[in-house]
Amino acid sequence: MLSVHEVTTAYQGLVAISQVSIEVAKGEIVLVAGANGAGKSTLIKSIAGAERPRSGTVTFDGARIDGKPQHVITAAGIAYVPENRRLFPRLSVRDNLRLGSYLYRGEADRDQPLELVFQLFPRLSERLEQRAETLSGGEQQMLAIGRALMTRPRLLMLDEPSQGIMPKLVDEIFQAVKRIRDTGLTVLIVEQRMAECLDIADRAYILQTGRVLMQGTAGDIKGNPDVRKAYLGL
Amino acid sequence: MTAETIIQSLASGLLMGLLYGLIAVGLALIFGLMDVVNFAHGEFLMIAMYATFFLFAFFAIDPLLAAPLVAAALFVFGALVYLLIVRFAVRAKANAGMVQIFSTFGLAIVMRGLAQFFFTPDYRSVTHSWLGGKTVSIAGIFLPVPQLAGALVSILAFGALYFFINRTDFGRALEATREDAGAVALVGIDKNRVFALGWGLGAALVGLAGAIMAMFFYIYPDVGASFALIAYVTVALGGFGSVFGAFAGGIIVGLVEASTALLLPPSLKSVGIYAVYLLVVFIRPRGLFGSI
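Protein sequences, first through last, are from chains H and W.
For the first sequence, counting from 1, position 146 maps to 146 in my numbering; every step adds exactly one.
For the second sequence, counting from 1, position 66 maps to 66 in my numbering; every step adds exactly one.
Next comes chain H alone, as it looks inside the complex (with noise of 0.2 Å):
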């Protein structure tokens, strides 16, 4: 579903990845793993838009989107939550989700997502009217997850969901990931928090210095002694 070839992306001539490839295939969960600046989050910035990779080429569905416009990326159904969630702070929950359908026509085809959002996070329907910057923070990356969500994506992207959430959220946020993926959709997800992403995700890759260092099923990676040592601590 979605390949990423040799992909090479650099910020003001320091290279961030270099010959990145990787694939995700229709009904995967794919882990991206690795330490602070190995490259994980430019390797998805690279796929959404936000950063145009040097060189290589991603495809996604048979069509190439590399260098293509962040907002088009996302129309053709690839949904990126970034790290910092970059909700609409001072609009209300309710009009963030509605964002989401943007691209929708007809009031039933806009809330069709609805049901499934409110299903994994109840607590945003609690919420309808506050404001997205009134939410904690675990309530806020459902509430980026569920405005992905809003946009009919065949493909979610999720950079560091846990971060700055307290743990009993964490976990909430990986069961919705994984019934998430149980309802159709793929997942790409990157995460430091690799033990715990490791017990949801099909498949993962290891970066290091803005290389594939290791990839395999989560199963190969939990047990491979490298990575026990150097990335789970055991």
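I should point out that these hints are in silico values taken from the structure, not numbers from a laboratory.
Just so it is clear, CB atoms sit at the ideal spot from N, CA and C, and this is done for glycine as well.
Just so you know, not all the hints are guaranteed correct.
Stated by the list, open to error - Here are the in silico distance ranges between beta carbons for each label pair:
| # | chain 1 | residue 1 | chain 2 | residue 2 | range |
| --- | --- | --- | --- | --- | --- |
| 1 | W | Phe163 | H | Leu128 | 28 to 38 Å |
| 2 | W | Ser226 | H | Gly164 | 49 to 59 Å |
| 3 | H | Asp171 | W | Val76 | 49 to 59 Å |
| 4 | H | Gly164 | W | Leu229 | 45 to 55 Å |
| 5 | W | Leu83 | H | Leu232 | 50 to 60 Å |
| 6 | H | Gly13 | W | Val271 | 50 to 60 Å |
| 7 | W | Arg167 | H | Pro122 | 21 to 31 Å |
| 8 | H | Gly13 | W | Asp35 | 21 to 31 Å |
| 9 | H | Asp171 | W | Gly106 | 49 to 59 Å |
| 10 | W | Phe105 | H | Asp182 | 53 to 63 Å |
| 11 | H | Pro89 | W | Lys93 | 21 to 31 Å |
Stated by the list, open to error - Computed from the model, here is a short list of chain H residues facing chain W with C-beta under 8 Å:
| # | residue |
| --- | --- |
| 12 | Phe88 |
| 13 | Pro89 |
| 14 | Arg90 |
| 15 | Leu91 |
| 16 | Ser92 |
| 17 | Asp95 |
| 18 | Leu99 |
| 19 | Gly100 |
| 20 | Leu103 |
| 21 | Arg147 |
Said to hold, decoys possible - Here are the simulated lysine to aspartate or glutamate pairs, DMTMM-like style, with alpha carbons at most 20 Å apart:
| # | chain 1 | residue 1 | chain 2 | residue 2 |
| --- | --- | --- | --- | --- |
| 22 | H | Lys68 | W | Asp190 |
| 23 | H | Lys168 | H | Glu51 |
| 24 | H | Lys178 | H | Glu28 |
| 25 | H | Lys178 | H | Glu196 |
| 26 | W | Lys93 | W | Asp35 |
| 27 | W | Lys93 | H | Glu51 |
Starting from the structure of chain H, add chain W where the hints point.
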């Protein structure tokens, strides 16, 4: 000074103030949307007045009928100014503030120069219109009908704008873009499109004001300058970026100007506005309804 004179002046001040609000709202809208001050705002007003004048002079179209046409033309003009000039100016990597200022300031000078060249510096006026020169008397107060129409148009325009911003999808997109222009792409919105439509809308509103003003002001290449200055004060008073602050700011400016004219010699009529402005800047720098 009798009570009647006072009420009479305040009533005229209120009418003028509503018009000031309509002149200023486009400036506030654009600033709120993308933090860019349009220094050519007065020149937008000027071309709107000329457009109204020429529609009258060549096609005998009354300013009242011309108003929607002029607003539509200014909409296109405003969107083009964004797409052809401002879009590139805001991308400047170095000295971004200066680049923004001089891009619209430069545009103002070019527009004035072109108006001098093509329209000549002569003072023009719409010599007769349906409403021109008429007055109505309400409870002993005489009000000029064109100004009354202007005030009405202003109230209607603000009402429509309120509805548009709060009740429509595009209004919600506009609010989202002013909150975080970098984030609207996450829901598939093209921020350049929103910016272009925002500039169009801002220009259309000043276009509406220009068409009304053509009924009772002289039209010449520099006409925008003095009104633009008042518009900047109005916007700063109401709160930079606040669309409805511009409405309140306009009314205050109109009333203060009228009161000053009662108390001081006519040549000092603007002193009051700037005094109030200074006071607000000292006490509440973000303006009455500003949130920044």
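Each hint, compared with the structure:
no.: 1; hint: Phe163(W) to Leu128(H): 28 to 38 Å; result: violated, 22 Å
no.: 2; hint: Ser226(W) to Gly164(H): 49 to 59 Å; result: holds, 52 Å
no.: 3; hint: Asp171(H) to Val76(W): 49 to 59 Å; result: holds, 54 Å
no.: 4; hint: Gly164(H) to Leu229(W): 45 to 55 Å; result: holds, 47 Å
no.: 5; hint: Leu83(W) to Leu232(H): 50 to 60 Å; result: holds, 52 Å
no.: 6; hint: Gly13(H) to Val271(W): 50 to 60 Å; result: holds, 56 Å
no.: 7; hint: Arg167(W) to Pro122(H): 21 to 31 Å; result: holds, 28 Å
no.: 8; hint: Gly13(H) to Asp35(W): 21 to 31 Å; result: holds, 29 Å
no.: 9; hint: Asp171(H) to Gly106(W): 49 to 59 Å; result: holds, 57 Å
no.: 10; hint: Phe105(W) to Asp182(H): 53 to 63 Å; result: holds, 58 Å
no.: 11; hint: Pro89(H) to Lys93(W): 21 to 31 Å; result: holds, 27 Å
no.: 12; hint: Phe88; result: holds, 4 Å
no.: 13; hint: Pro89; result: holds, 6 Å
no.: 14; hint: Arg90; result: holds, 6 Å
no.: 15; hint: Leu91; result: holds, 6 Å
no.: 16; hint: Ser92; result: violated, 10 Å
no.: 17; hint: Asp95; result: holds, 6 Å
no.: 18; hint: Leu99; result: holds, 5 Å
no.: 19; hint: Gly100; result: holds, 5 Å
no.: 20; hint: Leu103; result: holds, 4 Å
no.: 21; hint: Arg147; result: holds, 7 Å
no.: 22; hint: Lys68(H) to Asp190(W); result: holds, 12 Å
no.: 23; hint: Lys168(H) to Glu51(H); result: violated, 33 Å
no.: 24; hint: Lys178(H) to Glu28(H); result: holds, 10 Å
no.: 25; hint: Lys178(H) to Glu196(H); result: holds, 12 Å
no.: 26; hint: Lys93(W) to Asp35(W); result: holds, 16 Å
no.: 27; hint: Lys93(W) to Glu51(H); result: holds, 17 Å
Comparing the model with each numbered hint stated earlier shows that hints 1, 16, 23 do not hold.
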